[in-house]
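Those sequence lines, one after another, are chains Z and V. Numbers given in our numbering equal positions in the first sequence, counted from 1, plus 534. Numbers given in our numbering equal positions in the second sequence, counted from 1, plus 75.
Treat the hints as calculated values from the structure; they're not laboratory data. Quick caveat, the model's predicted, so the values are computed rather than measured. Check before you lean on any hint, since a few could be wrong.
To be verified - Sample of chain V residues facing chain Z (criterion: CB under 10 Å; computed from the structure):
hint: 1; residue: Asp202
hint: 2; residue: Pro203
hint: 3; residue: Leu212
hint: 4; residue: Gly213
hint: 5; residue: Ala214
hint: 6; residue: Gly215
hint: 7; residue: Gln218
hint: 8; residue: Gly225
hint: 9; residue: Arg228
hint: 10; residue: Glu275
We put the beta carbon where it would ideally sit given N, CA and C, even for glycine.
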Amino acid sequence: MYRLQSIRKCYGSNVALDIEELTIAEGRLYTLTGANGAGKSTLLSILAFLAPPTSGEIFYAGKRVDRDHGSVEEYRRKVTLLHQSPYLFGGSVDDNVAFGLKVRGIRGEEQRRRIDEALDVVGLRGFRDRKARELSGGEAQRVAMARALALKPEVLLLDEPLANIDRETTGLLEAVIASLPAQGTTVVMTTHDPDHPGRLNGESIFLEGGRHVLQSLR
Amino acid sequence: MDFLVSSFASALRLIGSFSPDVVDAVGTSLSVSAGATVFAALFGIPLGLLVGLSDFPLKRMVVTLLNTLMAVPTVVVGLLVYGFLSRQGPLGVLGLLFTPTAIVIGGVLLAAPIVANYALASVRGADPRIVPTALTLGAGRFQAVGTLVGEIRFGILAAVIAGFGRVVSEVGVAMMLGGNIRGYTRTMTTAIALETSKGEFAFGMALGIVLMMVALIVNLFLNLLQQR
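Build the full structure now, drawing on both the sequences and the hints.
Okay, structure coming up:
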């Protein structure tokens, strides 16, 4: 799905990420581990096409991503990043889950069906009209997950999605995440939990000091 | 004290009787202020967003300039625009001096920096996750900015209202560019200044009360929107 070549991301003189080569295969689940400041979030931002690398090449689905001569919007619509503490827009749960569908021109019955499906998956059926800002932390995380799932992205990038939430929600979201590769979605998820690769039946990418040092295969 | 009480009573009578002079001044004030605010918003909001969302050389200088322009005395703006609109000025042929349009032009110059600064402050105070969230959900750059504006709409609305407040309460621009012509360019503030200097304190007080009411209504409206 991705091939990264000689990717560097610098903030001033500080090198946040320096990856010689990294390949992420389609329909697999990867856990991205490393200490704080290892470059995990930076890598996710680059994979989400939100932040351009300072240098290097990214290939997505075999095509070189050319930020200068093509719109990254095309790629952004295939990839969705879910943050550790997601931002929910003002308005209802429905407004939030519908956001990405609306910008893709998906409306009417199809939009309603996708919202219902996504909320069902995260166990929030019946939450459509609730005010997003009045939800608990775990509920907000689930709404953010539903908002991403409703888009049926080719790649779902998760930045510590299971931090700061209760055990019940963790179990539910782990099950949702583990089921995604079977549906064709590639998942890359940062985590500090050493058990996640095994529990989620995933592969592990390890970063240290911005460098990709290890990739374990199943 | 009796003077103040009797003037206040006379002022209330003038308001209650819809004195034509009061109605004219109120109407002119509101219309030129609304016009100036609309144009100031059309210019100031995008400017505030642009400065707030982009990085460019001399950004700090632009922000300082915008802050400075907020504090420019109204008579200086009046003087500047007067220079352009007077018969000998570069825009003198348009014949705009001493018309409501001239007050609107001056009002735009007064209000636009305020609207831009308030909009800029709203952008700076906005949650930094808004734009990346919109982008990763597939929004284009303009859609993401539109989403940001939606999320900070009360700050933007406060910017517009602050701009309106600046224009409706100023006297220098309205006096110098409008000429205080009765029934045409006489605003509440210029009428207060003139009538009080003529000894018509009650009339000035009547307009002062209306001016305060306008400020109160505008702020109540803002509060109402924020509670929704």
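Verification of the hints:
With 10 Å as the threshold, the beta carbon of Asp202/V comes within range of chain Z, its nearest partner Cβ sitting at about 6 Å, so the hint holds. At its closest, the beta carbon of Pro203/V sits 9 Å from a beta carbon of chain Z; the interface hint therefore holds under the 10 Å criterion. This hint holds: Leu212/V has a C-beta 4 Å from the nearest C-beta of chain Z, less than the 10 Å allowed. With 10 Å as the threshold, the beta carbon of Gly213/V comes within range of chain Z, its nearest partner Cβ sitting at about 4 Å, so the hint holds.
Because the beta carbon of Ala214/V sits about 5 Å from the nearest beta carbon in chain Z, less than 10 Å, this interface hint is met. The interface hint given for Gly215/V holds, since its Cβ lies 5 Å from the closest Cβ of chain Z, which is under the 10 Å cut-off. At about 6 Å, the closest approach between the beta carbon of Gln218/V and any beta carbon in chain Z falls short of 10 Å, and the interface hint on this residue holds. Among the interface hints, the one on Gly225/V holds; its C-beta lies about 8 Å from the nearest C-beta in chain Z, closer than the 10 Å criterion.
For Arg228/V, the shortest C-beta to C-beta distance to chain Z is roughly 9 Å, which falls under 10 Å, so the interface hint holds. Taking 10 Å as the C-beta contact cut-off toward chain Z, the hint placing Glu275/V at the interface is violated, the least distance being around 50 Å.
Against the hints set out earlier in the document, a violation occurs for number 10 only.
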